[in-house]
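Visitor: In case you want the letters, here they are:
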Amino acid sequence: MSEGIIKIDKQKTSTFLDKVKEIVPDGNLNLCLTCGACSSGCPATGLENMDPRKFLRMAAMGLDDEITGHPWVWMCTMCYRCTYACPMNINIAALVFEARKLWPRETRPKGILGSCNMALRNTSGSAMGTPEEDFRFVVEDMLEEVRADQPGWEELQAPIDKQGAHFFLSQNSREPVTEPEEMAPLWKILHLVGADWTYSTTGWGGENYCMFLADDEGWKKITNTTLQTAMGLGCKVYLNTECGHSTYSVYAGQKKFKIETELEIAPMVKYYAQWIREGRLKVNSDWNKDLKIKFTVQDPCNQIRKGWGDTLADELRFVTMACVGEENFIDTYPNKSNNYCCGGGGGSLQNGYKDARFYYGRLKHAQIMETGAPYVITPCHNCHAQIHELGEHFGGGKYRSLHLWTIIALSLGILAESERTYLGPDLAEVNLPGY
Amino acid sequence: MTENVIGSAMVVGGGIGGIQSALDLANAGFFVYLVEKSPAIGGVMSALDKTFPTNDCSMCILSPKLVEVGRHRNIRLLTLSEVESVAGEAGNFTVTVRERPRYIDVEKCIACGKCAEKCPRKVKNEFNQGFSERKAAYVPYPQAVPLKYAIDAAHCIYFEKGKCRACEKFCPTGAVNFTQTETLHHIDVGAVILSPGFSPYNPAGVDRYGYGVLPNVITSMEFERILSASGPFEGHLVRPSDHQEPQKIAWLQCVGSRDIREDAHGYCSGICCMAAIKEALVAMEHAGSGLDTAIFYMDMRTHGKGFEQTFNQAREVAGVRFVRARVHSIEPADSHDLKITCFLDSGELHEEIFNLVVLSVGMEISKETRQLAEKLGVAVDSDGFAATSGFSPVATSRPGVFVSGAFAGPKDIPQTVVEASAAASASAALLAQARNRLTHERTYPDAMPVSGQTPRIGVFVCHCGTNIAGIVDVPSVRDYAQTLPDVVFATNNLFTCSQDTQQSIRQAIVEHGLNRVVVAACTPRTHEPLFQETLQEAGLNPYLFEFANIRDQNAWVHQKNPEAATQKARDLVRMAVARVSLLEAIEPLKIPVNPVALVIGAGVAGMSAALNLADQGFEIWLIERESQLGGHARQVRQIWNNEPVQPLLSCLIERVQNHESIHCLTGAEITAIDGFVGNFSTKVQTHQGLHTIAHGAVILATGGQPLQTTEYLCGQSGRVTTWHELEYLFDQYPEKLASATGIAFIQCVGSREPERPYCSRICCTASVQGAIRLKEKKPELRVVIFYRDMRTFGQREALYQKARGMGVIFIRYSAEDKPVVEVDAQGGLLITALDPILDRRLQIPVDYLNLATAIVPTEGQKQIAQMLKVPLNDDGFYLEAHVKLRPVDFSTDGVFVCGLAHYPKPIEESVAQGQAAASRASALLVKESIDIAPIVSVVDESRCIGCGLCEASCSFGAIRLKKVTGKGYRAENISALCKGCGVCAAACPQQAIDMKHFRETQILAALCAGAAA
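Taken in sequence, the protein lines are chains A and B.
Under my numbering, the first residue of the first sequence carries the number 369, and numbering increases by one thereafter.
Under my numbering, the first residue of the second sequence carries the number 822, and numbering increases by one thereafter.
Read the hints as simulated data drawn from the structure, not as lab findings.
Every residue, glycine too, gets a C-beta built ideally from N, C-alpha and C.
Hints are supplied without guarantee of correctness; some may be wrong.
Stated by the list, open to error - With the C-beta cut set under 8 angstroms, the calculated list includes, among others, these residues of chain B facing chain A:
1) G1109
2) E1152
3) E1601
4) G1626
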């Protein structure tokens, strides 16, 4: 027996689970059959001697004291793989989310707390706290550099606060702050397809650590700011940069907080696929005909399982195969909506439980190794970072993670030398722009 | 209801349910149209390998029923047909049936298979789940009825390209007819029975299991075909990807069931747990030792008669592993093997590699069946099942339209058969006034006496087109026959079974004065009755006939050796001639039937049986030990679907009491039962005195009762109650509920224990419903149910879900670690039990504890069984004739069973079984006299020494010792009860017993002739 006898009070009092049921009335939190399907498919099972079924059962038995302050709630990435197999469609992630709130705000993991606080410091929404005008400066500076250094891109645009643009594009803080050259491939792609798009200064930050912190107010504020900005600019499509949680935070936050908008909230991949189909993005896999370099993909939980499902997963594959060649794409198993979470979600990159994060990622690592592919295309910043780390930690650098924009740009022959940070030596000089 | 009642019914769906309804009705004086959408009847059951729990060969027990339907004078089979519409009202409907063309003239087809042999188009064989191929000209399966080929227009080359017609060219009888078109039939019937059955759930949409992607992930229906001896691998247990024998097989339960998501069904399919156990056991038999089997489940639902014992045997003896875990995903381990990861109760992740994974797919109602219901105006529930009421479980929302089988909710074969008989009797009650109006009986000229005459034998040798003549030299066999002793006529025919040949056989009998006939042809299995009928038409006793099987057992199996086949045909004919010359005319045995039924027990089952038979016009004696009618149902509050029981029960009691054909005797005890089928005499003691009742049939509805227990402080604490007691306590003292904070239920008290190994079937549903009612009255009440496996089978699963939704806590316990109940310091109860999920003990204070104790047979059941010489099973419940296909009959004719006396069951099943027993009894009572199969045993009293071995060995009570003055005892036949099995003859040390038509002299004559070669 793991712990002592549980003495149930004679008088039933309102429990944590009762409260969560009120908050999430459609979460089916009472319906558990204790079948264990959730725990058998959860990469976080076993961490801190906890698993999804046990966590729900403890809540059901009213063991609130034991749940409160339990570190497992930060190790669970809320990836929904449990719910995906649950015959009762129980929203365990919602329970975990609410259990994060049981921690006093200031005691929650420092990294997540700090990022949330940063984002709330000004109206940029940037988790790195980058102010509005700094963002404008970096973008314009980077644009100048590309125009100057890369022949043929003299007319490249990176509009900011452009009234009436069709697409509003969010931007994860990582690029402007630490690797601005990584922004350029996407600009070039947008330029080639003739997209009418804009960044904004207010609410440009494409991340939301307040969501991970289970700070509803903060989540709402950031989502509201960015959506209001997009609406204020008269945009039609809220286009998320390649970032899973940010996409989800806006997509789910808009519903959760009932923010009225006519904007289409869309993941980037959907439009890549559409532009390729329309012939506007003339990607070509000929460069890989002889090289035969293999690629696999990571299906970000926040976009696929929790968002647009297999439809978007199929689009991701369509885009990937168009760029690298069908024969050079190797899928993982399981995949798409049933994919393993890599372990980078839920704020775990900043939760301070690094060992747990690597343990969590062992399944993803094994899956990737099984494909034998040296490159994993990850249209999500957290997946990108986690898989990059997994590759180094477990794989001895046997595989690398890539943004989708990198491989699109490569296959278009527009990926400059400076934009190849994440490519290995085998691709360092492949299909370089002809200048 | 119309005055112009039509004496026929239509049964829609030719599975086991439809077959049973059709046979019951046709045998009770109604003409039946049996409509089947495929080319042959048989349904899902025909594709199963074995049936649980007895592991009978499915086809072997089904096939006789198929043949009986195919031959029945009062059943018209409409295959490839679907109901378009039903107009009119109960008693007088006009049904429009659309019959698709078969492109084969069934009158001409002799099922020789030439068309299929020559057909160049191969198609996936859907009967074998696509694991093998058939041709576009095909018969769905070898035992199909009608055994007539069909051309699958969707795949036929002629229909695709306008050329081919190979089948037509090679058909020896000219049966292929490409000009056939669709036909619309307008058929008048008085009642309609819907038995369209279910479709297996298609798991292709569940990406987690990889069905359709991983070749060795298959469905349970596919596994049935793999196991089947007539299946794609001839019963050789191999897996699809590489045809290798698997060493490890896993079953995943509840695929598509007990799953509330959009692509699945919230209900439990009820049958899959037993099906998986059966498949595991059969697979282990096939593979021999070394096969590892594991069943991954949530709750093992082995709630039927004999099921729990099979479960125990599988676990404890056969070594099937039962793992309580639902599996998240199946992943490939390599290109063939499969990896399963499950989360064990111990809190460990367990990873295992299997060679084959079987998905136990549930039942669902197809889109076509939903459309049929809509066309007919029959209401369905949200799961797509026909909506019915607990007290009329086979009546749909449309009067005169009845339902049986899986269309009325997930169920197994026995319950389907029960409902099929119930639907037949409900139809019969509706149409009683038109009984025998549309049925035909055939009459024959008086048979010529042959006794003492020298045999004059005619031999007819069949070519069967080229089936026989292509191998066997038929003219030489004919010539040889002519040389045999007493053969006065021999001829050969292209098709001996054709209509014109029957005419020529009759002519030959008259012209040549034949008194014995031999046909050398296909097989007696399908054709003996035809030729016997021909003999009767010519004035010969039908038993003066012998069949020489020279096709199935000769020409077909010795195709490569025509000379030897010809020689064997001569041998077979010689044997047949030797035997036929010694055959005797056997007169039919007729027993008069007293059209009165005695029903013992006036609970819901007995009353339902009595009322139905009375509505059919029979006189009924209803015997009840208690002072009032109603039985245990008087304490039941709700049917599983929440209908209140008491108003419906009162209505039933009132109808029974007021029915002019029902005599109720209450406070009555049976003191003696004598007699046999059609002619029973029963003595009943009441306060008014002793009644002697003469009747033709007995229905046993003696009920059951809850076990009295001392477990869990029962009897010691006023706070511990059983079954309905707790709610009555609260009704009486509402303040007790008002002050209570916690109530617990414990399941399986006395059930699933070594001394009472069966599951009592109804307790899980009853406790869950009780818990819901308490929660409805007092939502803040803590309600806990301690259970072993939650067995809310079928659509009752919705109650379990509802109870959980309301916050009822369910805690699983094992037989080895039961909850411990104590009285606490405040006088309340304290229950301590392990929660296996947390792996920690819980201590829960409650005010009351209600126990679901076992349902046991009623007192006195044993005595009644002895009086009627009907058997009881190990648990003391009546043992029916066949657990699968004769669920309300006994081996002893004229005696039927229903209700709890048969096995614990809910009200709606008791009603259905009562009606089913009525159906089976009515087929007997409707006849003035019954024909007994005259192939019975006969005792030669002069050789009998009265040892009694025969009596001891007879299972039917058909032979017994009688006192003979001066001689002690001598054996005596009761031919009415004899089944002609021959066990007595084999047992007799004096060779004083012989079987008619299979006398030792007759068998020896054939054997000697055979050996004479």
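Visitor: Could you run down the list of hints and mark each one as holding or not?
Guide: Status of each hint after checking the structure:
no.: 1; hint: G1109; result: violated (31 angstroms)
no.: 2; hint: E1152; result: holds (6 angstroms)
no.: 3; hint: E1601; result: holds (6 angstroms)
no.: 4; hint: G1626; result: holds (5 angstroms)
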